[in-house]
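J.: Here are the chains, one letter per residue:
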Amino acid sequence: MENFTPFTALIGGSLIGLGALILFVFSGRIAGISGIAGAALFSREGRSWRLAFVAGIIAGPLLVGAVISDFSYSTPQLNWQVIVAGLLVGIGTGWGSGCTSGHGICGISRLSPRSITATVLFMFSGMLVATLLH
Amino acid sequence: MPIIIAFIAGLLMSAGIAYSQMIDPNKVLGFLTLNANWDPSLVLVMAAALAVYSTGYWLFVKKDKPLFAEHFSLPGKKDLDKPLVIGSLLFGAGWGLVGYCPGPALAAISSGSSGTLAFIAAMVAGWFISRKLPI
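The listed protein sequences correspond, in order, to chains V and D. For the first sequence, position 22 matches number 22 in this note's numbering, and the numbering has no gaps at all. For the second sequence, position 50 matches number 50 in this note's numbering, and the numbering has no gaps at all.
There may be inaccurate statements among the hints.
[Stated by the list, open to error] Among chain D residues calculated to face chain V with C-beta under 10 Å, some are:
{"no.": "1", "residue": "46"}
{"no.": "2", "residue": "96"}
{"no.": "3", "residue": "107"}
Bear in mind the hints are in silico, worked out from the structure with no lab data behind them. Glycine included, every Cβ here is placed at the ideal spot set by N, Cα and C.
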């Protein structure tokens, strides 16, 4: 477990929870990133606040980079896997009505049976595919 | 006001994704890949996010309405249907293939990485397909 980073994980996770909580307390909305970004692109109703949320998502790492001088992260190579993975993630979160944020954090917190089921399933298939391939 | 709130919410979530390194697909694959170098960091990211969100949620949901909106907008579906099960399994498969879920992929857009941009383009196409072909 030499790669384990408990402190940044706990602080970062708290920020994720806080951001999602702000959207709920002020706007009464569930902070599901796939649902909000998808509706921002393909639904006219409520587009402005959804685009603002996506703008915040895009700006977050720039803020972290401005505060922490040695902040960097890796990105995937352009190959067929990223295309297949992107399609699976898009279709899957579309049909499944959510991703790690909407189901995994907001839905589990609300004790939603649908979100608990979804999270168990995507954790299972995610670990299965990653462990077989990597 | 809803626009400023939404921007701040997205900004904080994404700052958390970046600071916890969940923006890095290799970090996420370190959790999803079960081997001798297994990295449990993602468990703590979720645990902290759940602790903060669930505490606030259960304290606040008892109120009549949110601070800046007329009513809460919560998902109404209750049944464990076929789209939920198949969709979640497919999503996990894509997540395990590259290590990206929607938040970290969108957060990494400013990297300008061709792999990230291609993933996002394919994900957006997937969202479009899921809307046109409901199961």
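J.: Please go over all the hints and tell whether each is borne out by the structure.
T.: Taking the hints in turn, this is what the structure says about them:
no.	hint	verdict
1	46	holds, 6 Å
2	96	holds, 3 Å
3	107	holds, 5 Å
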